Amino acid sequence: MYSMVKTAIVCGIGSVEVLVEADVSDGMPVFHMVGFLGAEVKEAGERVRTALRNSGYVLPAKRITINLSPADLRKSGSGFDLPIALALLAALGVLPGEALEGLLVIGEIALNGRVQPVNGVLPMIADAAERGITKCIVAAENAPEAELVSGVTVYGVEELSEVIALLNGKKTIKQEKERRHADPVQGKASGGDFSDVSGQSFLKRACEVAVSGMHNLLMVGPPGSGKSMLAGRVPTILPDMSKEERMEVSKIYSVSGLLDHDNGLIGVRPFRSPHHTITPQALAGGGRYPKPGEISLAHNGVLFLDEMTEFKKETLEILRQPLEEKQVRLVRLGGTYTYPADFLLIGAMNPCNCGYYPDMNRCRCSVSSLERYREKLSQPLLDRMDLCVEAASLGYNELTGKEHGETSAVIRARVNAVHQIQRERFLGTDIRYNSQIPASMLEKYCSLDRMQKQYMKEVYEQLELTARTYHKLLKVARTLADMDGSMRIRMEHLNEAVCYRSLDKKFWERM
Amino acid sequence: MEELSYKYFLASLSDELSAEKLCQLSAVAGSAREVYHMTEGQLKQIAFFTDAETEKLLARRKGWDLERKEAELHQKGICLVTREDEAYPEDLREIAQSPYGIFYKGRMTDPTKPTVAIVGARMCSEYGREAAGQAAMQLAAAGVQVVSGMAKGIDSAGHFGALRGGGTTFAVLGCGVDICYPPGSRILYEKIEAAGGILSEYPPGTPPIPMRFPMRNRIISGLSRIVIVAEAREKSGSLITADYALEQGKDIYAVPGRMTDVPSAGCNRLIKQGAGIFLSVEDFLRDLGIVMGKRGGQDIFSKNLLEKEETLVYSVLDLQPKNIEEIRQKTKLAVTAVMQSLITLQKKGMVREVFKNSYIRKNR
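Chains as they are written, first to last, in this note's numbering: chain A, 1 to 511; chain B, 1001 to 1364.
It is worth saying that the hints were derived from the structure and are not from the lab.
Fair warning: this is a prediction, and the values are worked out from it, not measured in the lab.
Glycine included, each C-beta is placed from N, C-alpha and C at the ideal position.
Treat each hint with caution, since some may be false.
Claimed, not checked - Reference excerpt, derived from the structure (chain A facing chain B, CB under 8 angstroms, subset only):
#1 196
#2 200
#3 256
#4 258
#5 350
#6 351
#7 353
#8 354
#9 356
#10 358
#11 361
#12 367
#13 388
#14 390
Here chain B stands alone, though its shape is the one from the complex (with noise of 0.2 angstroms):
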């Protein structure tokens, strides 16, 4: 019998029994393998593992069809990496709690080259995804692996930056990595499969339930070298990744907002604490150790010749969203007017709009 079926039945115990155990159990046995051969008998023995962990060992192995499970994997295109690996990620090694095992479709991260994290909440601004976006759609440019959750908002925004960059990017999840969680980001899932990887500790077919979702935010972080929050309010769930990034010893940059706004207020508050200011990609690569090449592309000014109305309506917007009654106060225009200079920035591609007539400058 193949180790790989051993190893998988040993990781796939990470939705019942805690990573620690687990770990500790491959190191105390040696191998999965010489774990799923224990007695009863002997798995009592073991000081740290209670009775009630090893019913729920027994129940599991009492299931598992070696061979057909193995099958079940192959069949699905899902590989798994163990610490008893080589492949395993150093990085991961290393941190508390470290997953015993990693479930993957696509390919692994690559140690070899930078991996960040963009993390963030799920309902966030145009602001916050717009800085997600272009952060990672130029860290991807440059060769960083973009490490994230998946989850709607700001994760989602990185991993479409990121793959518009043309680069490599990773989602970590809570649930099985045959469950595309949430299930409205199916493309999404696709393409991130196929532009890197889709990774979880937890056995495929796990479900989705909250309770897993922070601690696959240790995971997200222990694979990167740093973690870049874009966007968080005062009581947000990725400040848990950032408390991971601490613990681990991780960097955290945060994306500024300005002090009233209630969906930055814990990015402000990561930087008053010392975090880093993600201020721009250039600014942060440097700090990475990476020097970026000359940027291609012209000033968007120049490549298309605008109206004067259309410079003035371009002029006052930003990042917040505005509604065209807005800009008409603003530009003091007629509203007519407002609208034909719109609808022609949009056409250029250097407006959108976020909602039924509410318009962002968009950067590109």
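The shape of chain A in the complex, shown without the other chains (with noise of 0.2 angstroms):
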């Protein structure tokens, strides 16, 4: 008899669905699984044996075959466990074959019968639902996240032999509709508030610029000058995420397993910041079976990368196509994995080794030592830098001054509402912030009127500056006369932008 049975494997963060068919029928005994299989997935046919024997069905001394379908397509992952045995049960006539129509089943089995939970249920039933699928079996510690997807009626299973009562009909299972998040709350950023910080009224204010036009930021600074303390802080400003960002950045965080089951979908933008020492596959993405990496889980948030000096030339350098394209292309023999990642990327690091150049009173390094730290820098990734701030070395009078500033929430309102400015701006185009205009639209939405051409022409001059950082003080420019709420871009815009144009290495030669 033959039952076939659906389920689905992730894909970057999408899914592709497939079909576990089972056939029983006379010949020699034997238990034989087809369809292209992972290792894990061979071993699925022991761990479905074993469990079903446990939970009271023998099988019987037929030759079984189980193929999963499409058959070009590597299968990986543990979630077959469950389908496999539904489908053999219903081939070997325990199920009626109907109770599987429309049904998306997604589990681990352990050797007693439990169902275990597996990574990446949301992308898996969210595509499932646009397939038309209405029903769903997964592990119960799946249940809350799968639920999130609108439209589709969750069975959270803890057993085997739940399971088989219920598509029996002889079990309904209690739809646990009271837990399920109707609409998460927006959650509030944890991990500090801006007004933590005192003085660095510079720094703060670049921070908001960043956020506000989504340019990236690298700060230099002695130690304990308040980078990283600020660096963190920037989530408690960054805008609200909608419905689709949350959707996304949830997908993501399931893929990886990392989504937390009891909040719903992610409300809270990302933060990352990984430690020096990690590896180009773990910050870009990687492995066999492909897993997001550090800046996919930055997806629509931060990613930090403190000490920017001491990561290694190649993983810095790995971000440089990411940050243009927004995400990240994988190539493995199995198939190309997309994953998205379009982050905040904020910088931070000393100005040379000691960490106190240019103050010649504390810096303790050679002629030769700054040029090295200087090699340290990558030119392109610094072109990728819209702002650069150098941070003051704080005082204990500062410190400890009463001088707090605005509180998160405060900067917060004024941060979305300059992004609501660029969405009015930007309807219908591709670009959602200004550091995302074009060189070819520079025109169009930072235009200057002919004595501020002729200004920056001199300014240019003056300070001798470079032809490459000129679109990215126009897009600067832009958003600060946004922030002020001006159509045009004014002088003392432009003035500002001049002031957090990016590092140049000039200022570690020593002439």
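Hey, can you piece these two chains together into the complex? The hints should help.
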């Protein structure tokens, strides 16, 4: 007898439907599994047979064939156990075939028949819902995650026997509706508030500009100047995520197994701060069966690279393409995997090895060590930083001062307003933020009048600026004008943008 | 065969034999030509010449093609002046370990003009850099020749200052004059060659090795009437130059620093030990016996009318680099207003950004 159960596997942060077919016929007694199986899927056969026996179902001495189609797609992951078991039981006549129609099954089985959770349930169910699936069976632990998808009835199960009873109509599973988060509240980002940091209003201002236009930010400064402290608080001034953005982020976290089952869709923009010993694979995503890396986990949020000069050069160079394309494509033998990676990059670094350059009273570096340090900076990456600021070393008075400034909530309200302006301006285009304005559109969005152009020409000559900083400068000036609520870019916006221009290697030159 | 080719042979030995020995040798033999034609037996009879040194000389002579070597020198545009020549600087003749010959590109120092050395640390502060640059510029404009070692930091600031002042400047290297060291200073090297000269006692092609750099300092001080130490830490290499200057009976001036300034500790110590205090160029020139003409140029403020905020920002700046945050705290202005003023001041050339978002006052 033949039967078929639908399941899915994760591919990137989407999924592909997989059909599990089972056939039981007369012949030499064998248990045969086919369909381009990965090692962990081949093991599924042993797990399923044992779990079935332990649940009271002994397989007959017949020729049993399991096929996972499409056959050209390599199957990996442990979510096939439950669908295989159900297909087998249906083929044996234990389950009615019609009970499996329109049903998606995902789950791993332990030898005692317990159903175990797997990663990536959210994208699998979300895609299945679009394909017309209305019911799904997942492990009880995965149920809250699956329930985030509207239009699908979710059965969270704990035991194999429970599933059999359910499909035979002998038992109804309590759908814990009350557990469902109809619309999860926007979580408040934890980890402090901007008003915790005293002084440093220049740095705070730079953070606000960065977030307002989603401009990548590089902070240079001596140890203990509050760079990391402020970077850690940037999520508190990031604007709210839309429903789609939250879904995107939650899918990535689901695939990585990092989704918190109790909180529903992720409501707080991610803040990822990998240690500088991170490998290129862990940063960009990788592995034989690719998993999202830190840059994807920072999608729609902040990727903070502390001590940026300590990262290996090849690790940092990997950021170049995702920063342009807002996604990362990993090509493997089994296919191409695309993970979104649209993040705000914030970097922090010391100005030299000892950390105190250019304060000659404290800096202990030699000319050659400064030169070596300068060589660590990657020019292509510097070119991708729109804003660059130096943090001052704080004196005792400022550290203990009462000058706390605005709270994150106040700043965040302003940021939300600037984002609204950008949404309206870029309506109907691919652009979302000022930082993404392509060079060809600069004339349209960041036009200067004749006087301003003349002024900029003079500033460029006087300050010996390079041409490549010019475009970035215009985009930053656009953001500054938006923060001011000004339609046109004014002189003061240009001036301020010049202050944020990117780090120049000549600053380490001891001529 | 030209006399020069023999002199080149003798002067080229400076990378292996001490300057003292070379001078003695030429004095004993009478001329470089005589030295070249001495037999092994004759060399071995010279009391102050050890066998090892004889070996070195003979080895060098064996591979030496007088004609080709001289052509090479001409081709590279390198000149040579030795103790046997009248053009040899009198000042150098008298010093201890006086070099036998000086290779140079460009010109040799002009003995009729006053010569001053400006030396100091490579890792200098903006204060030291500005002091060296300003001093060199004004001295050069007043017709003083500025000598230094072309190292990064103070040396470079001195050379650049002299060039800005439109004067002549000379760099004494610790390697061959055809080698630009430090390699990153190519532009400076070419400018010095055009506006003055690159000097070295070592033959062309001698690689820069650390051992030779202190030795060239005796030439820097030897060529000069006065040595100005613009900035030196407690154990700075520039103090070697000061020691040579003392030995040679030259005057030393030091640019004073505050007592807490680590980069100026060596200078302050020199002052305590009796060095002259470099307070201003006018003051210094008076000591040198040169009376400066009237200084041109208007007061910086009357030329650039400043806004109130700009004046405030300018007033808190000095030669110690200050971050935007510090300036904001000192002026109590809004951070955006500080940025406005800084860019305007930079554009007017009154402020310089020495490091990302760190600014100093710029004197013109």
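Results for each hint:
Below 8 angstroms, beta-carbon pairs count as interface contacts, and residue 196 of chain A has none with chain B, the closest being about 17 angstroms; its hint is therefore violated. Satisfaction of the interface hint for residue 200 of chain A is found here, the shortest Cβ-Cβ separation to chain B being roughly 6 angstroms, below the 8 angstroms cut-off. Using the Cβ-Cβ criterion of 8 angstroms, the hint placing residue 256 of chain A at the interface with chain B is not satisfied: the shortest such distance is roughly 36 angstroms. For residue 258 of chain A, the shortest C-beta to C-beta distance to chain B is roughly 36 angstroms, which exceeds 8 angstroms, and the interface hint is violated.
Here the hint on residue 350 of chain A is broken, as its CB sits about 12 angstroms from the closest CB of chain B, past 8 angstroms. The beta carbon of residue 351 of chain A is positioned within 8 angstroms of a beta carbon in chain B (closest approach about 7 angstroms), and the interface hint is therefore held. At a threshold of 8 angstroms, the smallest CB-CB gap from residue 353 of chain A to chain B is about 12 angstroms, leaving the interface hint violated. For the restraint placing residue 354 of chain A at the interface with chain B, the shortest Cβ-Cβ distance is roughly 11 angstroms, beyond the 8 angstroms limit, so the hint is violated.
Residue-level restraint check for residue 356 of chain A is violated (minimum Cβ-Cβ distance to chain B is 11 angstroms; threshold 8 angstroms). With a least beta-carbon distance of about 4 angstroms to chain B, the hint placing residue 358 of chain A at the interface is held under the 8 angstroms criterion. At its closest, the beta carbon of residue 361 of chain A sits 5 angstroms from a beta carbon of chain B; the interface hint therefore holds under the 8 angstroms criterion. Below 8 angstroms, beta-carbon pairs count as interface contacts, and residue 367 of chain A has one with chain B at about 5 angstroms; its hint therefore holds.
Given hint, residue 388 of chain A at the interface with chain B, holds; its Cβ is 6 angstroms from that chain's nearest Cβ, closer than 8 angstroms. Below 8 angstroms, beta-carbon pairs count as interface contacts, and residue 390 of chain A has one with chain B at about 4 angstroms; its hint therefore holds.
In this structure, the hints that do not hold are numbers 1, 3, 4, 5, 7, 8 and 9, in rising order.
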